[in-house]
Amino acid sequence: DARVTQTPRHKVTEMGQEVTMRCQPILGHNTVFWYRQTMMQGLELLAYFRNRAPLDDSGMPKDRFSAEMPDATLATLKIQPSEPRDSAVYFCASGLEGGFTEAFFGQGTRLTVV
Amino acid sequence: RKEVEQDPGPFNVPEGATVAFNCTYSNSASQSFFWYRQDCRKEPKLLMSVYSSGNEDGRFTAQLNRASQYISLLIRDSKLSDSATYLCVVKGDRDDKIIFGKGTRLHILP
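If you're matching them up, the sequences are chains A and B in order. First residue of the first sequence: 1, per this note's numbering; consecutive thereafter. First residue of the second sequence: 1, per this note's numbering; consecutive thereafter.
Note that these hints are calculated values from the structure, not bench results. Be aware that one or more of the hints could be misleading.
With a straight-line Cα cutoff of 25 Å, these simulated DMTMM-like cross-link-like pairs (lysine to aspartate or glutamate) come out [what the hints assert, rightly or not]:
#1 Lys-45(B) with Asp-82(B)
#2 Lys-2(B) with Glu-18(A)
#3 Lys-62(A) with Glu-44(A)
#4 Lys-97(B) with Asp-86(A)
#5 Lys-97(B) with Asp-57(A)
Cβ-to-Cβ under 8 Å is the rule here; a few derived chain B residues that face chain A [said to hold, decoys possible]:
#6 Asp-7
#7 Ala-29
#8 Ser-32
#9 Phe-34
#10 Arg-37
#11 Asp-39
#12 Cys-40
#13 Leu-46
#14 Leu-64
#15 Leu-80
#16 Lys-102
#17 Gly-103
To list a few chain A residues with every Cβ distance to chain B over 12 Å, as calculated [what the hints assert, rightly or not]:
#18 Thr-7
#19 Thr-20
#20 Asp-56
#21 Gly-99
#22 Thr-112
#23 Val-113
Just so it is clear, CB atoms sit at the ideal spot from N, CA and C, and this is done for glycine as well.
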């Protein structure tokens, strides 16, 4: 059963520390999305890739967030330095480009910055 | 104006009733539309796509009005298991950008 895998599932860290979240998209999917979900803002698109190339990262705070796809099986989202306001659930999703192709979500990383 | 707007609810509806949600989107170039469902502390999952002619999947009916830029979801004969947050989703044309509304919370009451 193909699925998007995210690690870690939970992360508690102190303010100022670096946080790295990882995502393994479904094999064969060529679009990868990073979302952040909070009660106040809902699901916000942070960045997304097509064929490993970043298409749009305008939703990310550029000074502290970075997203990369070192290869087709791994996407990373880094926060450095982390701040309490970064506390949220971070979801990775993957899909195929074009038309009515859905995005499949991982289970998310629940990040708490204290 | 938000790209995708939904009434956050909550909608408290007795079991067996019919409930409808609407959603509006701002980008007239949007091409694909979906409803996702999200259970508490879980990831969003596709409920159904929304086609121009409208489509039905069991108790669920989705409609699209391009002229007014809104999408609707109708749930008939609601079940307790329908309690969840329903997310309206819009996908761009060439850029494949997928934007979610904040969701509408639905509580089905026994």
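Distance restraint between Lys-45(B) and Asp-82(B), which requires alpha-carbon spacing of 25 Å or less
Holds, because 13 Å separates the two Cα atoms, which is no more than 25 Å.
Is the nearest CB of chain B more than 12 Å from the CB of Asp-56(A)?
violated (6 Å)
Take a quick look at Thr-20(A) and tell me if its Cβ sits farther than 12 Å from every Cβ on chain B, holds or violated.
Given that every Cβ of chain B is farther than 12 Å from that of Thr-20(A), nearest at about 20 Å, it holds.
Is the hint on Ser-32(B) kept, meaning its closest Cβ partner in chain A is under 8 Å away?
holds (5 Å)
Given hint Phe-34(B) near chain A, where the shortest CB pair must fall under 8 Å:
The hint holds - Phe-34(B) has a Cβ within 8 Å of chain A, the shortest such distance being about 6 Å.
Please check whether Asp-7(B) passes as an interface residue: C-beta within 8 Å of a C-beta belonging to chain A.
violated (13 Å)
Closest CB-CB distance from Thr-112(A) to chain B, is it above 12 Å?
The assertion about Thr-112(A) holds, with a minimum of 14 Å to chain B.
Does Gly-99(A) really sit off the interface, with its C-beta more than 12 Å from all C-beta atoms of chain B?
violated (6 Å)
Would the stated hint for Ala-29(B) survive a check requiring a Cβ distance to chain A of less than 8 Å?
Because about 14 Å separates Ala-29(B) from the closest Cβ in chain A, which is outside the 8 Å limit, the hint is violated.
Given the hinted pair Lys-2(B) and Glu-18(A), is their alpha-carbon gap at most 25 Å?
Distance of about 31 Å is beyond 25 Å: violated.
Have a go at the Leu-46(B) hint: is there a Cβ in chain A nearer than 8 Å to its own Cβ?
Since chain A brings a Cβ to about 4 Å from Leu-46(B), closer than 8 Å, the hint holds.
Agreement of hint Gly-103(B) with chain A interface, Cβ distance less than 8 Å:
Hint on Gly-103(B): holds, closest Cβ of chain A at ~6 Å, below 8 Å.
Violated hints, in rising order: 2, 6, 7, 10, 11, 12, 14, 15, 20, 21; the structure is consistent with all others.
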